[in-house]
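Residue numbers (the numbering used here), protein chains in the order written: chain A, 1 to 387; chain B, 1 to 107.
Read the hints as simulated data drawn from the structure, not as lab findings.
Just so it is clear, the structure is predicted and the values come from calculations on it, not from any experiment.
Just to be clear, a hint being listed does not mean it is correct.
Unchecked claim - Here are the computed lysine-lysine pairs in the BS3-like style, where the Cα-Cα straight-line distance is at most 25 Å: (1) K323/A / K167/A; (2) K91/A / K3/B; (3) K293/A / K283/A; (4) K167/A / K91/A; (5) K90/B / K3/B; (6) K3/B / K192/A.
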Amino acid sequence: MFRFDPYSPVMDADPFPFYKTLRDEYPCFWSEEAGMWVYSRYADIVTALNDWETYSSAKGNLVDELPNRAGSTLGTTDPPRHDRLRALIQKAVTKRALDHIIEPARQSARKHLDALAGEKSFDFVNAFSSKVTVDLLFYLFDMPAEGQQTVRDKAVLMVQTDPKTRKKAPEHIAAYDWMVDYAAELIETRKKNPGQDLLSNFIAAEIDGEKLHDREVQMTITTLIMAGIESLSGFMGVMGLNLADHGDARRALVADPALIPDAMEESLRYNTSAQRFRRCLTKDQEVHGQQMKAGDFVMLAYGSGNRDERQFENPDVYDIARKPRGHLGFGGGVHACLGTAIARLACKTAFEEFLTRYPEFERVEQQLPWVPSSNFRSPMRLELAVG
Amino acid sequence: MPKVTYISHDGAERQVELPAGWTLMQGATLNGIDGIEGECGGSCGCATCHVYVDERFADKLAPMSEVEDEMLDCTESPREANSRLGCQIKATPEIDGIIVRLPEAQS
């Protein structure tokens with residue numbers, strides 16, 4: 001009997017064979033372990049993302065939702081309020097508005113590469129990608145420089161789930177509570193001394209003459225910090241992994257750095273860090289012969305849709321010439337990732353610097369430690385040999 | 001399935017069928033029509049799926065939101081009275097046969 005257990009460490013390491021069985025044999029599958037339906041085909045996921053009236057986010061979008069969060073963040077609110085909230089932030093994060101982050105990102109990348117001078121091997125995630133990510137987020141949100149490492153550690157912990165209990169463990173909830181308090185302090189400070197940064201603008205914003213709800217501000221900022229740190233670092237982690245594993249692709253990028261964006265898009269398709277999110281049905285639905293009820297949760301397996309042979313030819317091949325338009329690496333529809341332009345600019349800049357310094361590298365460990373998470377997939381550590 | 005015709009800036013025409021509820025941006029990106037980028041993924045957040053809607057269909061479309069209106073001020077090619085974002089137009093039976101022209105540049 002086929003089972004689909006998003007909590008299993010086997011799934012963290014390699015979900016792709018399970019996804020293939022889902023797509024081919026059980027395109028609308030009830031996962032007992034997750035307690036929800038699973039969509040695995042590209043077309044079904046896109047249809048669900050387009051139809052927010054049927055597939056609501058208001059009961060949470062994380063496979064394991066954090067307490068008191070659903071309904072108070074961009075990702076867990078439906079239109080029309082979602083659109084009004086998002087509009088408050090959107091303009092600050094469009095590509096044109098973000099030229100100012102390129103130089104700080106470059107300086108950060110150089111600084112952390114300088115610190116590695118002389119090393120024969122190092123951990124790409126903890127010594128480089130997460131450091132650049134944290135620097136950039138602190139710059140973007142104008143956050144106080146002290147405590148960077150703690151903020152990063154908590155962000156990584158709060159996205160995790162316990163493989164045995166199939167829930168958030170106490171330390172994950174504690175990390176989340178810590179981040180909520182951190183956001184609350186930040187908001188108080190910013191209210192007293194508003195700046196021109198993205199957070200200050202959001203805190204001061206109004207919709208129809210009304211201030212945003214306190215919880216909305218607090219939970220949204222908590223989520224932006226979490227996503228900014230964990231998701232961006234995860235994206236760079238899998239990109240680093242792909243370039244370690246695919247020497248031809250890496251050498252092509254070294255020879256012509258203008259190809260880096262193509263390699264990034266293919267990484268977002270091939271093994272996106274955002275593997276699975278969820279929605280809640282607002283009405284009964286029949287899909288692929290399965291009767292689903294209003295109130296049932298549906299998991300959208302982006303990582304599977306991105307490997308769907310019905311959409312992408314030879315989906316298990318990492319091909320930087322593919323230009324995989326319409327991939328689900330950032331989700332899609334009204335809730336598509338808010339930080340796409342930040343992520344693309346930061347990742348491009350970081351890899352331009354990294355590949356200049358290290359045109360040749362390979363992974364040291366064949367078995368990687370993966371973040372235990374029902375949502376995300378990225379290596380906790382990626383030791384690279386460069387010497 | 002509703003049909004959509006895309007006319008590229010160089011005059012090339014392509015008609016595609018879209019599953020109901022999919023957007024004109026998706027119809028282009030998933031069928032290899034290059035004149036639309038859709039960089040933000042369909043969240044009305046980038047103005048790279050700018051299209052000019054044939055006037056015969058103008059009154060069949062849902063009115064644009066404030067956010068779309070603001071985003072259309074950021075298009076690379078000039079905004080016209082019939083400018084819309086492809087990610088905000090869903091293929092429905094009411095707009096079956098719609099024709100959109102693609103601008104010279106999206107970014």
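Checked hints:
Straight-line distance between C-alpha atoms of K323/A and K167/A comes to about 37 Å, which puts the hinted pair past the 25 Å bound. Of the supplied pair hints, the one linking K91/A and K3/B is violated, its CA atoms being roughly 33 Å apart against a limit of 25 Å. For the proposed pair K293/A and K283/A, the alpha carbon gap of about 6 Å is at most 25 Å, so the pair holds. Distance restraint check for K167/A and K91/A: the Cα-Cα separation of roughly 36 Å exceeds the 25 Å cut-off, and the hinted pair is therefore not satisfied.
Taking the CA atoms of K90/B and K3/B, the gap is near 11 Å; set against the 25 Å cutoff, the hint holds. Between K3/B and K192/A the CA atoms are separated by roughly 55 Å; this puts the pair beyond 25 Å, and the hint is violated.
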